[in-house]
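Given only the sequences and the hints, what does the whole structure look like? Please build it.
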Amino acid sequence: MNKTNTGKAMVFIGLTFLFNWLLAGLFFASGGELNTSAGLAMTVFYMFIPMIVAIIVQKGIYKEPIKEPLGISFKLNRWFLVAWLLPPITAFATFGVSLFFAGVEYSPQMAGMFERFKYLLTPEQLEQMRNQTSILPIHPIWIGLLQGLVAGITINAVAGFGEELGWRGFLQREFAYMGFWKSSMLIGFIWGVWHAPIILRGHNYPEHPVTGVFMMIAWCILLAPIFSYIRLRAKSVIAAAIVHGSLNGTAGLAIMVVKGGNDLIIGVTGLAGFIVLVLVNFGLFIYDRASTKGPVTLQVKPDA
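When we follow the working numbering, the leftmost residue of the sequence shown carries the number 1, and every step to the right adds one.
Honestly, the hints are just simulated from the structure, not real lab data. Here the structure is a predicted model, which means the values were calculated and not measured. Idealized CB from N, CA, C, for every residue including glycine. It is possible that part of the hints are untrue.
Unchecked claim - Quick list of in silico lysine-lysine cross-link-like pairs, DSS-like style, CA-CA up to 25 angstroms:
| no. | residue 1 | residue 2 |
| --- | --- | --- |
| 1 | Lys75 | Lys235 |
| 2 | Lys8 | Lys235 |
| 3 | Lys293 | Lys75 |
| 4 | Lys59 | Lys75 |
| 5 | Lys75 | Lys8 |
Claimed, not checked - Pair ranges (Cβ atoms, derived):
| no. | residue 1 | residue 2 | range |
| --- | --- | --- | --- |
| 6 | Lys59 | Ser107 | 23 to 33 angstroms |
| 7 | Phe285 | Leu22 | 31 to 41 angstroms |
| 8 | Glu33 | Val150 | 20 to 30 angstroms |
Rendered as structure tokens:
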């Protein structure tokens with residue numbers, strides 16, 4: 001891969017942003033809201049557009065194969081397990097880091113979670129939720145963990161594949177000539193900006209939607225090397241889809257038993273999550289340098 005191939009990447013980026021932002025613009029202009037069934041359907045379809053565009057560009061425009069170049073492989077190795085379990089580990093670590101911030105405290109009764117839900121649910125629905133959680137045989141956080149892990153490797157991974165075939169399948173290959181860290185950060189920046197329309201409407205940062213756009217960009221830049229590393233070590237974009245799905249399924253664990261703070265501080269997309277991601281990236285860097293199989297972060301092209 002060389003710099004003359006960046007035109008192909010630009011076609012992908014241009015079409016992806018055009019279709020995604022047009023979809024979001026039409027949805028919100030017609031009165032659509034994210035916290036509805038229609039909003040959920042829109043956001044799921046939003047996730048599949050990078051995959052659709054990657055296929056159009058790779059196969060339809062450039063007449064190149066899809067499966068091997070974009071890393072579609074179901075040959076399992078231990079990195080698939082890492083992809084599945086790393087997100088809940090980072091979620092619990094984020095919970096721990098959150099407690100170091102002023103005004104944030106542990107709340108096993110989930111007072112903070114109910115406080116956040118009062119803006120989304122009616123008083124009757126909120127009371128019903130309280131009653132349902134009070135009669136559970138185990139704490140809801142463990143049920144949430146189980147549900148998140150199951151969803152992460154099934155339905156969420158399918159939705160995650162919609163994004164990952166574009167980001168870690170197509171773009172990671174096209175930007176490989178830049179080297180691991182530079183390409184990962186550039187993909188992270190593009191990935192973060194891509195989220196802007198739904199962030200501005202309250203996704204992830206309902207209390208700070210404008211600041212949230214910049215937070216999301218920074219978060220994606222920190223997250224992208226981790227996803228890229230797993231994709232390279234697993235030699236499959238499917239592993240990237242699993243880590244994406246598991247993250248979406250277990251992210252809520254970080255704030256379930258936390259009271260106080262705001263969406264810029266707590267949670268995996270808040271400052272607490274940023275700190276954890278910095279530590280994970282540092283650990284990744286150290287591990288890669290010590291790996292007996294050779295550092296993948298020094299490669300200039302994907303293995304698969």
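Right, here's what the structure says about each hint:
1. With a CA separation close to 8 angstroms, the supplied pair Lys75 and Lys235 stays within the 25 angstroms bound.
2. A hinted pair counts as satisfied when its Cα atoms are at most 25 angstroms apart, and Lys8 with Lys235 qualifies at roughly 22 angstroms.
3. For the given pair, Lys293 sits about 18 angstroms from Lys75 by alpha-carbon distance, which is consistent with the 25 angstroms threshold.
4. Restraint check: the Cα-Cα separation between Lys59 and Lys75 comes to about 23 angstroms, which is no more than 25 angstroms; the hinted pair holds.
5. About 28 angstroms separates the Cα atoms of Lys75 and Lys8, which puts this hinted pair outside 25 angstroms; it is violated.
6. With their beta carbons about 51 angstroms apart, Lys59 and Ser107 fall outside the hinted range of 23 to 33 angstroms.
7. Between Phe285 and Leu22 the C-beta distance comes to about 39 angstroms, which sits within the given range of 31 to 41 angstroms.
8. The hint said 20 to 30 angstroms for the Cβ distance between Glu33 and Val150, and at roughly 28 angstroms that hint holds.
In terms of the numbered hints stated before, the structure departs from hints 5, 6, listed from lowest to highest.
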